Amino acid sequence: MGRKLKAGIVGYGYMGQIRKAVIDEHPDLELAGICDVNLPLAGLNPGCETLKQYPDLVNRDIDIVFVCTPNAYSPEIVIYSLNHGKHVFCEKPPGCSVKDIKDIIEAEKANKRLKLMFGFNHRYHPGIKEAKVLADSDRLGKILCLRGVYGKSGGLSFEKSWRNKKEISGGGILLDQGIHMLDLFRLFCGDFQEVKGLITDSYWNTELEDNAFVLLRNNKGQVAMLHSSATLWKHTFRLEIFLEKGYLTVSGLLSKTGSYGRETLIVGKRQFEDETFALGNPREEITYFDRDISWLSEVSDFVDCIQNDKPVTNSSSEDALKIMELIDRIYQDDNIKY
Amino acid sequence: MKTIVQYDDIREVELKPSTPLNTYLKLTQEDVKAYFLEGAELSDCNCPACLTGESNEGFVKFGLHYRECASCKTLYLSPRPEEATIDEYYRSSKARRFWEEQLSTATGAKRREKLFKPRVQWIIETIEEYLPSARRFASINTIHQPFLEELIESNYFKEITILNPKIKLNRLNSQIKKAKLVEQPIASLDRVNFAQGVSLFEVIDRLSDVETFCQALGRILVPGGLCFLTTVSISGFDLQVLWDKSNSIFPPDRINVFSTEGLLTLFERHGFDCIELSTPGLLDVEIVANAYKENPSLVLPRFVKYLLEKRDINAYRSFQEFLQLNRLSSFTRAVLRKKE
Chain A
37 MGRKLKAGIV GYGYMGQIRK AVIDEHPDLE LAGICDVNLP LAGLNPGCET LKQYPDLVNR
97 DIDIVFVCTP NAYSPEIVIY SLNHGKHVFC EKPPGCSVKD IKDIIEAEKA NKRLKLMFGF
157 NHRYHPGIKE AKVLADSDRL GKILCLRGVY GKSGGLSFEK SWRNKKEISG GGILLDQGIH
217 MLDLFRLFCG DFQEVKGLIT DSYWNTELED NAFVLLRNNK GQVAMLHSSA TLWKHTFRLE
277 IFLEKGYLTV SGLLSKTGSY GRETLIVGKR QFEDETFALG NPREEITYFD RDISWLSEVS
337 DFVDCIQNDK PVTNSSSEDA LKIMELIDRI YQDDNIKY
Chain B
200 MKTIVQYDDI REVELKPSTP LNTYLKLTQE DVKAYFLEGA ELSDCNCPAC LTGESNEGFV
260 KFGLHYRECA SCKTLYLSPR PEEATIDEYY RSSKARRFWE EQLSTATGAK RREKLFKPRV
320 QWIIETIEEY LPSARRFASI NTIHQPFLEE LIESNYFKEI TILNPKIKLN RLNSQIKKAK
380 LVEQPIASLD RVNFAQGVSL FEVIDRLSDV ETFCQALGRI LVPGGLCFLT TVSISGFDLQ
440 VLWDKSNSIF PPDRINVFST EGLLTLFERH GFDCIELSTP GLLDVEIVAN AYKENPSLVL
500 PRFVKYLLEK RDINAYRSFQ EFLQLNRLSS FTRAVLRKKE
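Chains as they are written, first to last, in our numbering: chain A, 37 to 374; chain B, 200 to 539.
Keep in mind the hints are simulated off the structure, nothing from the lab. Don't take every hint at face value.
Said to hold, decoys possible - Okay, the calculated beta carbon distance ranges per label pair:
| id | chain 1 | residue 1 | chain 2 | residue 2 | range |
| --- | --- | --- | --- | --- | --- |
| 1 | A | 349 | B | 258 | 52 to 62 Å |
| 2 | B | 502 | A | 38 | 27 to 37 Å |
| 3 | B | 269 | A | 332 | 32 to 42 Å |
| 4 | A | 295 | B | 387 | 47 to 57 Å |
| 5 | B | 377 | A | 254 | 39 to 49 Å |
| 6 | A | 295 | B | 373 | 25 to 35 Å |
Said to hold, decoys possible - Under the rule of at most 30 Å between Cα atoms (straight-line distance), these lysine-lysine pairs were calculated in the DSSO-like manner:
| id | chain 1 | residue 1 | chain 2 | residue 2 |
| --- | --- | --- | --- | --- |
| 7 | A | 281 | B | 538 |
| 8 | A | 346 | B | 538 |
| 9 | B | 538 | A | 165 |
| 10 | B | 538 | A | 178 |
| 11 | A | 270 | B | 201 |
| 12 | B | 201 | A | 135 |
| 13 | B | 509 | A | 168 |
| 14 | A | 165 | B | 509 |
| 15 | A | 232 | A | 270 |
| 16 | A | 305 | B | 376 |
| 17 | B | 316 | A | 281 |
| 18 | B | 365 | A | 165 |
| 19 | B | 538 | A | 42 |
| 20 | B | 313 | A | 40 |
| 21 | A | 346 | B | 313 |
| 22 | A | 165 | B | 313 |
| 23 | A | 232 | A | 202 |
| 24 | B | 376 | A | 178 |
| 25 | A | 281 | B | 357 |
| 26 | B | 357 | A | 165 |
| 27 | B | 201 | A | 168 |
| 28 | A | 168 | B | 357 |
| 29 | B | 260 | A | 373 |
| 30 | A | 292 | B | 201 |
| 31 | A | 305 | B | 309 |
| 32 | A | 178 | B | 201 |
| 33 | A | 305 | B | 538 |
| 34 | B | 316 | A | 292 |
| 35 | B | 538 | A | 168 |
| 36 | A | 168 | B | 316 |
Since the structure is predicted, the reported quantities are computational estimates derived from the model, not experimental observations. The beta carbon of each residue, even a glycine, is placed where N, CA and C say it ideally should be.
Go ahead and model the full structure; you've got the sequences and the hints to work with.
In C-alpha cells form, the structure reads like this:
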C-alpha cells in the first residue's frame, strides 16, 4: 500500500464530525487537521490540530480538503482549495445557486489533475444500491414512474437553524434535503426536461420554503413526483419505483440517530391474474439493512479516483450542476427568487 | 449485515409430501443402523461452530446422540461418523436412492420453481452488487441437480465447476455437460483462489469435519469471493418447538444444526464477513401446526398450542413474518465474503 492521503476538514459541525469518523475508519486516509471558526467547540475534542482560518489548513501539507461548511461558504473554500492544489470533497448542496457551482466548475477545469466530488451519499445507501441493481437488471421491466417523500419532523427551534437563513442556505427544505431525492431521481431515470413546482412556506415562516411539491417528466415519458417537507412531523424517507412488472420501495434510512427508521427495500412483483382475482397483495420480499455504509463507500470511491487517477463519475460536478439547474427551474416554475 | 423477509404461497406438502417423506425417514433409519451403528468408527467432538467443549445432552435420533452446545446453542451429533463413511452413505444408501429417484422427482417441478430459480436469481443479484466481475463459480458438495441446471442455464457465469457432488449426476443432461466436474473433496484440492463465488446449499449440515472443510473453502475462494449458503438452523421456531420430534433433524442429513450465533462465529473464525444472514423460511408455523394435527397429544408450549387452536391462517402468517424478521425461522440463508 502507498502512503496514506492526508485529509483536512473545514467545518466541524454535524457533517464534519461524520466525515472525521469516516477518515478515522478509512485505511488509506489520515486526518491532518480540522478548521472551524467556532473552535474550540464545547465537549468536542477531535484529537488533532485545530485551526480557525481555512487557508491555514489548506496551505499545509495535505492532499484532500473535506468542505463541510454551510452552503454560502462552501464555493469559496472549494475554489480556494482547488487553486491551491488540493483534491476536494464537498458536502451538498454545491453552494446556494447555479452560479456557485458554475464558478466551482471553472476552478475544477483550471486544475484538471485534481478530483472533486460532492456528498450525495444517498446513492450509496444499501437500499438504494440494491434497488439500482434490480432496476438495471430489467428483471422487473422498465421504470414507469418514481414517487419520493423526504421530510423532517421539524423540532424545537427548527426555524432558527442556519439552514433556514436565506443568506446562508440559499434555499429551504428542497435545497437542503429534497436535493437528495432529486439526485436519486436522476440516478434512476436520467435528466428531466419538464418541470413543475409548487413551493410553500406554510408553517415555519422562515422566508424559505418548508414544502416543495415537484412533478418531473423526461423524454422517455418517465414521471417523477417529489414531496420535500419540513412539516411531516416525523422524519420520513420513502422512494417508490414503479416498473412494468413490479415495484421497488426504499423506506427508512440508516442514519447516525436512526430517526428515519430501519432501512428497508421492498421488492414486489405484479400479479398477472385476471383483475377479478388479483387481490392487490402481491408477493413481496423485504430486505432489512443493519449498517450504514454510505459515508464510507462514497469516500472510498473518492479515494479510489485519487489513487488510481480515475475520473469522478458518481456525484461529480456535472451531477451537482444538473441538480442545481433542476432546483432553479423548480423555484422558477413557482416564481420563487431567493 | 442484512436480513430478508419473504412472502409466498408455498406449502409444506408441496415440498415434503408426507407419504414419501415417511418412507424416506424409515429407510434412513435402517441405513443409519447399517452404516453408522454396526461397526463404524464414531468420534466425540466439540461444538463445530464455536469449538466449545461444554455441552448438554440433546436427544437420541436413530440411535445416535445429539448434543447442544452450552455456549452458542448449536445442536450437533457427537459421537459422529467420519467423512468417508458419510460419503459412502450418500453414494450407496437405499434412503438416498429413494430421495433421488422418488421424493425429489415427485416434488421436482415445485422445487425448481419455488427454490432453485429464486436461488440462482439471489446469487446473480448479489454478485452484481458486491462483486460484479465474478464469472467463475463453483457448486460444492451439491445434492440438487435441478439447481445446477438452473445455474448453468442462466448463462451468467463463464466457468462453472461442480465440486464433489453428493448425488449421481445425469451427465447426459445438456446443461450439466457444459460444467466442469471435479469429483474430489475440496480439502484435497491443490488449486487455490480459483472460485469467485461458491454455493453451499444444505452442505454444512452434513459435514463431519467442519473445520477442515472451512479451511479448504477459504483456500479455493479468491479474496473478496462470495459464498452462498443455505442450511437449517436450530434457532428456528419449528425446531425449537418440536425438538426431538422434528422430522427435519436426523442423521446424517443433519449432523450439524447450527444456531445463527454459531454460524456467525464459525465463519468469522475462518476469515469471512457476513453480508447477509436471513431466515426467510415460510413453513415453521405450518410445520408445527401439521405436527400437532397429526399428533394431538404432542406436548407443546401453552402459547403455541393456543396460537394453533385459536388463531387463523392470517395470524400464522403474521407470526411467520415476525420469525423471519428476527432470524427465528429454521430455513437460513447467508452470503459470506472472504476477507481481503
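Hint check:
1. Checked against the hint of 52 to 62 Å, the pair residue 349 of chain A and residue 258 of chain B passes, with Cβ atoms roughly 58 Å apart.
2. Evaluation of the 27 to 37 Å hint for residue 502 of chain B and residue 38 of chain A yields a failure: the beta carbon distance comes to about 60 Å.
3. The supplied range of 32 to 42 Å is met by residue 269 of chain B and residue 332 of chain A, whose beta-carbon atoms lie about 37 Å from each other.
4. Distance hint check for residue 295 of chain A and residue 387 of chain B: the Cβ-Cβ separation is about 53 Å, which falls inside the suggested range of 47 to 57 Å.
5. Restraint check, residue 377 of chain B to residue 254 of chain A: a C-beta distance of roughly 41 Å satisfies the suggested window 39 to 49 Å.
6. Taking the beta carbon of each, residue 295 of chain A and residue 373 of chain B are about 55 Å apart, not inside 25 to 35 Å as hinted.
7. With a CA separation close to 37 Å, the supplied pair residue 281 of chain A and residue 538 of chain B exceeds the 30 Å bound.
8. Of the pairs offered as hints, the one joining residue 346 of chain A and residue 538 of chain B holds, with about 25 Å between alpha carbons and a cut-off of 30 Å not exceeded.
9. A hinted pair counts as satisfied when its Cα atoms are at most 30 Å apart, and residue 538 of chain B with residue 165 of chain A qualifies at roughly 21 Å.
10. Proximity of residue 538 of chain B to residue 178 of chain A is assessed by CA-CA distance (about 36 Å); at most 30 Å being required, the pair is judged violated.
11. Proposed proximity of residue 270 of chain A and residue 201 of chain B is supported: the alpha carbons are some 25 Å apart, at most 30 Å.
12. As the CA atoms of residue 201 of chain B and residue 135 of chain A are separated by approximately 42 Å, the hinted pair breaks the 30 Å bound.
13. The hinted pair formed by residue 509 of chain B and residue 168 of chain A fails the criterion: a straight-line CA distance of about 43 Å is larger than 30 Å.
14. A threshold of 30 Å between alpha carbons decides the hint, and for residue 165 of chain A with residue 509 of chain B the separation of about 43 Å lies outside it, so the pair is violated.
15. Between residue 232 of chain A and residue 270 of chain A, the direct Cα distance comes to roughly 26 Å. Compliance with the 30 Å bound is thereby established for this hinted pair.
16. For the proposed pair residue 305 of chain A and residue 376 of chain B, the alpha carbon gap of about 33 Å is over 30 Å, so the pair is violated.
17. The hinted pair formed by residue 316 of chain B and residue 281 of chain A meets the criterion: a straight-line CA distance of about 17 Å does not exceed 30 Å.
18. Using a Cα cut-off of 30 Å, the hinted pair residue 365 of chain B and residue 165 of chain A is violated, with the two alpha carbons roughly 37 Å apart.
19. Using a Cα cut-off of 30 Å, the hinted pair residue 538 of chain B and residue 42 of chain A holds, with the two alpha carbons roughly 26 Å apart.
20. Only pairs whose Cα atoms come within 30 Å are accepted, and residue 313 of chain B paired with residue 40 of chain A is rejected, the gap being roughly 49 Å.
21. Restraint check for residue 346 of chain A and residue 313 of chain B: the C-alpha separation of about 43 Å exceeds 30 Å, so the hint is violated.
22. At roughly 26 Å between alpha-carbon atoms, residue 165 of chain A and residue 313 of chain B fall within 30 Å of each other, so this suggested pair holds.
23. In summary, the hint linking residue 232 of chain A to residue 202 of chain A is supported, as the alpha carbons are separated by about 22 Å, within the 30 Å threshold.
24. In summary, the hint linking residue 376 of chain B to residue 178 of chain A is not supported, as the alpha carbons are separated by about 35 Å, beyond the 30 Å threshold.
25. Using a Cα cut-off of 30 Å, the hinted pair residue 281 of chain A and residue 357 of chain B holds, with the two alpha carbons roughly 28 Å apart.
26. Among the hinted pairs, residue 357 of chain B with residue 165 of chain A is consistent with the structure: their alpha-carbon atoms are about 25 Å apart, no more than 30 Å.
27. A hinted pair counts as satisfied when its Cα atoms are at most 30 Å apart, and residue 201 of chain B with residue 168 of chain A qualifies at roughly 17 Å.
28. Of the supplied pair hints, the one linking residue 168 of chain A and residue 357 of chain B holds, its CA atoms being roughly 24 Å apart against a limit of 30 Å.
29. Under the criterion of a C-alpha separation no larger than 30 Å, the hint pairing residue 260 of chain B with residue 373 of chain A is inconsistent with the structure, at around 78 Å.
30. For the suggested pair residue 292 of chain A and residue 201 of chain B, the alpha carbons sit about 17 Å apart, so the restraint of at most 30 Å is met.
31. For the suggested pair residue 305 of chain A and residue 309 of chain B, the alpha carbons sit about 19 Å apart, so the restraint of at most 30 Å is met.
32. Proximity of residue 178 of chain A to residue 201 of chain B is assessed by CA-CA distance (about 26 Å); at most 30 Å being required, the pair is judged to hold.
33. For a cut-off of 30 Å, the pair hint linking residue 305 of chain A to residue 538 of chain B is broken: about 34 Å separates their Cα positions.
34. About 38 Å separates the Cα atoms of residue 316 of chain B and residue 292 of chain A, which puts this hinted pair outside 30 Å; it is violated.
35. Of the supplied pair hints, the one linking residue 538 of chain B and residue 168 of chain A holds, its CA atoms being roughly 25 Å apart against a limit of 30 Å.
36. At most 30 Å may separate the alpha-carbon atoms for a hinted pair to count; residue 168 of chain A and residue 316 of chain B meet this at roughly 21 Å.
In this structure, the earlier hints numbered 2, 6, 7, 10, 12, 13, 14, 16, 18, 20, 21, 24, 29, 33, 34 are contradicted, and the remaining ones agree with it.
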